[in-house]
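**Student:** Chains A and B, in that order, are what the protein sequence lines are. Quick note: the first sequence, position 11, residue 11 per our numbering, numbers continuous. With positions in the second sequence counted from 1, the corresponding number in our numbering is that position plus 1000.
A few of these clues could be false.
Label pairs and their in silico Cβ distance ranges [claimed, not checked]: (1) L1098/B with S71/A: 24 to 30 Å; (2) F47/A with G1042/B: 17 to 23 Å; (3) P40/A with S1007/B: 18 to 24 Å; (4) S1058/B with Q69/A: 26 to 32 Å.
Partner residues are not named here, just some residues of chain B that face chain A (Cβ under 8 Å, in silico) [what the hints assert, rightly or not]: (5) Y1033; (6) L1039; (7) G1040; (8) G1042; (9) F1045; (10) D1056; (11) L1060; (12) P1061; (13) D1063; (14) F1065; (15) V1074; (16) T1103; (17) Q1104; (18) Y1105; (19) F1106; (20) P1108.
Simulated crosslink set (DSS-like; lysine-lysine; CA at most 27 Å straight-line) [claimed, not checked]: (21) K1011/B with K38/A; (22) K38/A with K1057/B; (23) K3/A with K1057/B.
Derived by calculation from the structure, the hints in this document are not laboratory data. Glycine included, each C-beta is placed from N, C-alpha and C at the ideal position.
The primary structure of each chain is shown beneath.
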Amino acid sequence: AQKVTQAQTEISVVEKEDVTLDCVYETRDTTYYLFWYKQPPSGELVFLIRRNSFDEQNEISGRYSWNFQKSTSSFNFTITASQVVDSAVYFCALSDYGGATNKLIFGTGTLLAVQP
Amino acid sequence: GAGVSQSPSNKVTEKGKDVELRCDPISGHTALYWYRQSLGQGLEFLIYFQGNSAPDKSGLPSDRFSAERTGGSVSTLTIQRTQQEDSAVYLCASSLGLAGTDTQYFGPGTRLTVL
């Protein structure tokens, strides 16, 4: 069965600090997709990134970077020089490619609080 | 372009009443998903539509829950005889419908409170 674990329930940092959000997944599929979503206080889930299981290259987008390691089944997310606007709940998710759908299986989320 | 829209944004109802939640997907998206977010259960999948058919209803928690989609566009999630444990935020997402490569884009959700 597929599973996503975000062991950090809550992280608090001071503005300009770097912060890494951990995500560990389990799947028997050889082809799958991993996602990160941001949920700010307004409540809407905002898509950040999609990564397929064949592409282990790290990705950087501005202050955001992602480290995908199949060997450890991890897909970690780093925010460099955090800002107050980064305060949100961040969800890691796995797509169920092996079934009839690509429904998302979410982790429990990490609440990031960036203090000014 | 317009994103996924959901209505109402908030719904308060009494236990035992029926409720209907509506989702308008992004234009051109053939796949539509319903999820539920609650404190105790996190984000959980409810049902998936491809066009007007629902090949995966595995997440619907009971037969009080049903959903339909018409014209390959708008979807309605109906909860009959609501219970307090149905209180949650119901999220709708849509995607292009390309299996395995899709990115799902979410609406703002409907917060359901059952008194």
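**Student:** Determine for every hint whether it applies to the structure shown.
**Tutor:** Cross-check of the supplied hints:
1. L1098/B with S71/A: 24 to 30 Å: holds (28 Å)
2. F47/A with G1042/B: 17 to 23 Å: holds (18 Å)
3. P40/A with S1007/B: 18 to 24 Å: holds (21 Å)
4. S1058/B with Q69/A: 26 to 32 Å: Distance hint for S1058/B, Q69/A holds at roughly 30 Å.
5. Y1033: holds (6 Å)
6. L1039: violated (11 Å)
7. G1040: Status violated, d = 11 Å.
8. G1042: holds (5 Å)
9. F1045: holds (4 Å)
10. D1056: holds (4 Å)
11. L1060: Since chain A brings no Cβ nearer than about 12 Å to L1060/B, farther than 8 Å, the hint is violated.
12. P1061: At 15 Å from the nearest chain A Cβ, P1061/B fails the 8 Å test, so the hint is violated.
13. D1063: violated (20 Å)
14. F1065: violated (16 Å)
15. V1074: Since the shortest Cβ distance to chain A is 19 Å, the answer is violated.
16. T1103: holds (5 Å)
17. Q1104: holds (6 Å)
18. Y1105: Cβ of Y1105/B sits 6 Å from chain A, so the hint holds.
19. F1106: Since the shortest Cβ distance to chain A is 4 Å, the answer is holds.
20. P1108: The hint holds - P1108/B has a Cβ within 8 Å of chain A, the shortest such distance being about 5 Å.
21. K1011/B with K38/A: holds (24 Å)
22. K38/A with K1057/B: It holds: about 26 Å lies between the C-alpha atoms, which stays within 27 Å.
23. K3/A with K1057/B: holds (19 Å)
Violated hints, in rising order: 6, 7, 11, 12, 13, 14, 15; the structure is consistent with all others.
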